[in-house]
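K.L.:
As numbered in the working numbering, residues 2 to 532 make up the sequence shown, in order.
Hints may contain errors.
To be verified - Taking lysine-lysine pairs in the DSS-like style, the calculated list, with each CA pair at most 25 Å apart, reads:
1. Lys144 / Lys11
2. Lys459 / Lys399
3. Lys32 / Lys11
4. Lys399 / Lys310
5. Lys33 / Lys526
6. Lys459 / Lys32
7. Lys24 / Lys302
8. Lys32 / Lys526
9. Lys144 / Lys246
10. Lys399 / Lys302
11. Lys526 / Lys459
12. Lys108 / Lys11
13. Lys399 / Lys31
14. Lys398 / Lys459
15. Lys31 / Lys526
16. Lys110 / Lys177
17. Lys459 / Lys33
18. Lys310 / Lys177
Derived by calculation from the structure, the hints in this document are not laboratory data.
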Amino acid sequence: MEKNSIVLVKMLLLSTSRYNQYKYTKDEEKKKEILSNIIGTYILYALFAVYGMAMCIEYNSYGMIENTPLMCAISISSLDFIFTFFKANGYLYNFKEYDSVMSLPFKPKTVAACKFLYMYIRRMPWYLSLSLSMMAGYGIFAKPSIAVYPLWIIMSFILPLIPMIVAAFLSFIITKLSLGFEKKALVQTALSFAAVTLCFFLKNIFDEFFSKGKMQQTLRDITKTSDKVASIYLPIDWFNRAITKLDLLGFILLIVTSVLLFIVTFSIVGRNYRQINTSLKSHGKSSGFTIRNLKERSVVKSIAYKEYKRLISSTMYMLNVIMGEFLVIVAGIVFFVLGYDKVMGYLMKDIPVSLDVYRPAIPFIVYLFIGMGSTTTCTPSLEGKNLWIIKSLPIDKKTIYQGKILFNMYVTVPCMAFATLCMAISANVHIFDIVLYLIVGTVMCFFSSCWGCSCGIKHMLLDWENEVEVFQQNVVVVTYMLPNMFISILLMIVAIVFGVFVGQKVIITALILIMSVFAVISYKKVMSLCR
Numbered sequence: 002m003e004k005n006s007i008v009l010v011k012m013l014l015l016s017t018s019r020y021n022q023y024k025y026t027k028d029e030e031k032k033k034e035i036l037s038n039i040i041g042t043y044i045l046y047a048l049f050a051v052y053g054m055a056m057c058i059e060y061n062s063y064g065m066i067e068n069t070p071l072m073c074a075i076s077i078s079s080l081d082f083i084f085t086f087f088k089a090n091g092y093l094y095n096f097k098e099y100d101s102v103m104s105l106p107f108k109p110k111t112v113a114a115c116k117f118l119y120m121y122i123r124r125m126p127w128y129l130s131l132s133l134s135m136m137a138g139y140g141i142f143a144k145p146s147i148a149v150y151p152l153w154i155i156m157s158f159i160l161p162l163i164p165m166i167v168a169a170f171l172s173f174i175i176t177k178l179s180l181g182f183e184k185k186a187l188v189q190t191a192l193s194f195a196a197v198t199l200c201f202f203l204k205n206i207f208d209e210f211f212s213k214g215k216m217q218q219t220l221r222d223i224t225k226t227s228d229k230v231a232s233i234y235l236p237i238d239w240f241n242r243a244i245t246k247l248d249l250l251g252f253i254l255l256i257v258t259s260v261l262l263f264i265v266t267f268s269i270v271g272r273n274y275r276q277i278n279t280s281l282k283s284h285g286k287s288s289g290f291t292i293r294n295l296k297e298r299s300v301v302k303s304i305a306y307k308e309y310k311r312l313i314s315s316t317m318y319m320l321n322v323i324m325g326e327f328l329v330i331v332a333g334i335v336f337f338v339l340g341y342d343k344v345m346g347y348l349m350k351d352i353p354v355s356l357d358v359y360r361p362a363i364p365f366i367v368y369l370f371i372g373m374g375s376t377t378t379c380t381p382s383l384e385g386k387n388l389w390i391i392k393s394l395p396i397d398k399k400t401i402y403q404g405k406i407l408f409n410m411y412v413t414v415p416c417m418a419f420a421t422l423c424m425a426i427s428a429n430v431h432i433f434d435i436v437l438y439l440i441v442g443t444v445m446c447f448f449s450s451c452w453g454c455s456c457g458i459k460h461m462l463l464d465w466e467n468e469v470e471v472f473q474q475n476v477v478v479v480t481y482m483l484p485n486m487f488i489s490i491l492l493m494i495v496a497i498v499f500g501v502f503v504g505q506k507v508i509i510t511a512l513i514l515i516m517s518v519f520a521v522i523s524y525k526k527v528m529s530l531c532r
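Just need the whole structure built from these sequences, with the hints factored in.
P.N.:
Here it is in C-alpha cells:
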C-alpha cells in the first residue's frame, strides 16, 4: 500500500476515534457518553470471548477439541460476512465526508480501498476477541506445539479479509444494479434482503445440523457439516490445516489469496466508485408534476411520515433496523406453509412435551424478532447536526418523540400481526386466543418503541460523520437489546409454564397487564427526558 494511503486510513481512524474525542472534549456530559460507549463495547467483546471459551470447553468435554480451529474459522467467516454485508454500503458509498475526501489527491480506487481497510480495522476487535479466546481454550485443552500460537495470531488478522471482500463486492453489485431506479434505496434493500434469504436457504444444501441424538451427536453432526463447508470454502480448510497440521502451504495460500483478491476487487470497484457515489447523492427530478389534493395530517403523524421518508431513503437504515421485521414475516410464512406442529416438532424434538404447551409462546416468538431492533433507538441520533432546525420549529419536544414512537408502531405492528396470524392459524388457535395474542403483541411493540426511544435519547450521538456510527452505538445495543431480549424470553417461559396450570387465557391476560405497566413506565420515561 502507498504511504499516502496509510495517511488517509490513519486520518479516518483518528477523526472517529472515541479515545480522541474523550481526550480533547471539554464537555463533561460528552465525556460520560463516550465512556459509556467504550464500556458497552468492551462488554460485548467480553461476551464474544466468553462464547469462544465456552465452545472450547464444550468440545473438550466430548473429546472433540481438535475441531476447535475449524469452528473458529467458520464462526469468524460467517459473522464477518454478515456484519460486512450490512455495513459495507454505509462505509463505502454515500458517506458524509465524501466530497472532502475525494478532493484530496487520491485515486478513486485508493479511497475505496482505504474506506474498506478502515471498516476492516474497526471490526477487527470483534473477531480477535472470539479468535484469541478460542486459541486460549485450544491451547489449554489440546496443548499444541508452540508454533501454533504465532500462526493462529497472524491468521486471525488475515482470515476476515476474504469474507469481507466478498461481502463488500456483493454490496457493490447490489448498489450498481440499483442505480438505474428512481427509488435506489428501496431497490438496494430489496436486493439485499433477497441475498440474505438466499443465504438462509442455501444451508439446506448441507445435511441438517440437528438430526437425532443428544448433544454429543449434535456436535458430531455439526462437525461433519463443518467439514463439508471447509471443502467448499477453502480459506477455512487452509486455516484448519495450518493449525492442526502446521501446514505452511495453507498459511501462505490464505495470505496470498487475500492480497490478490483485495487488489482485483478494488481495481474493479475503483473504476465505478465515483459514478456510484455521484449517482447515490443525486436525486432524480421530473417536470411532470400533477397537482393533487393536499392531505392534512396532525403534527405527530407528519413527524411519523418524515421518519418514513428518512427510512426509505437510506439502505443502511433499513438493513440495520427492519431486519427483524423481514425475518418475522419469513418465519410466519414458513409456519403457515409447513404447519406449526411440524416446525415446532423440528425445533423441540428432544423435549418430550406436547406441542399444545407451546401455543401460548406464539406472540413472544414473534416479539423475539420484532424486538431485535427499534427505529426509535437511532432516530434521535439520525437528526445529527440538523437537530437545531427541529428545535427551532414551534413544536414541543414531546410531540417530536411521540411521532417517532408512532412511526415505529407503524413499522412493527403490521409485521407482528401478519406473523402472529400466520402462526396462530397454522396452530389452530381459537379466535379469542388470537385476539389476545394480537393485543399482547401490540402492547409489546409499544413497549419496544418507548424503551428504544428512551435509550436513543439518553445516548444520543449527534456529531457523526457517517450514519454507520449511529447504528453501531454499542451502548444503545446493550441498554436496549439485552433487557428487551431477557424480558421476551422470560415472558415466553412464564406463558408456557404457568399456562399449563392456570389456563392460556388467564396467563396471556395477566401478561398483557404486566407489559402494559412496562410500556407506560417507558413512555413516561421518554416524556421526562423531553423536558
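K.L.:
All the hints need checking, so say for each whether the structure fits it.
P.N.:
Hints, one by one, checked against the model:
1. At most 25 Å may separate the alpha-carbon atoms for a hinted pair to count; Lys144 and Lys11 exceed this at roughly 38 Å.
2. Only pairs whose Cα atoms come within 25 Å are accepted, and Lys459 paired with Lys399 is accepted, the gap being roughly 14 Å.
3. A C-alpha spacing of about 23 Å is found between Lys32 and Lys11, which places the hinted pair at or below 25 Å, so the restraint holds.
4. About 21 Å separates the Cα atoms of Lys399 and Lys310, which keeps this hinted pair within 25 Å; it holds.
5. Restraint check for Lys33 and Lys526: the C-alpha separation of about 20 Å stays at or below 25 Å, so the hint holds.
6. The suggested pairing of Lys459 with Lys32 holds, with an alpha-carbon distance near 14 Å, which does not exceed 25 Å.
7. At roughly 41 Å between alpha-carbon atoms, Lys24 and Lys302 are farther apart than 25 Å, so this suggested pair is violated.
8. With a CA separation close to 23 Å, the supplied pair Lys32 and Lys526 stays within the 25 Å bound.
9. With a CA separation close to 14 Å, the supplied pair Lys144 and Lys246 stays within the 25 Å bound.
10. For the proposed pair Lys399 and Lys302, the alpha carbon gap of about 13 Å is at most 25 Å, so the pair holds.
11. Proximity of Lys526 to Lys459 is assessed by CA-CA distance (about 10 Å); at most 25 Å being required, the pair is judged to hold.
12. For the suggested pair Lys108 and Lys11, the alpha carbons sit about 17 Å apart, so the restraint of at most 25 Å is met.
13. About 23 Å separates the Cα atoms of Lys399 and Lys31, which keeps this hinted pair within 25 Å; it holds.
14. At most 25 Å may separate the alpha-carbon atoms for a hinted pair to count; Lys398 and Lys459 meet this at roughly 14 Å.
15. Among the hinted pairs, Lys31 with Lys526 is consistent with the structure: their alpha-carbon atoms are about 21 Å apart, no more than 25 Å.
16. For the suggested pair Lys110 and Lys177, the alpha carbons sit about 16 Å apart, so the restraint of at most 25 Å is met.
17. Using a Cα cut-off of 25 Å, the hinted pair Lys459 and Lys33 holds, with the two alpha carbons roughly 11 Å apart.
18. Note on Lys310 and Lys177: the hinted pairing holds, with a Cα-Cα distance of about 22 Å set against a maximum of 25 Å.
Of the hints listed earlier, those the structure fails to meet are numbers 1, 7, in rising order.
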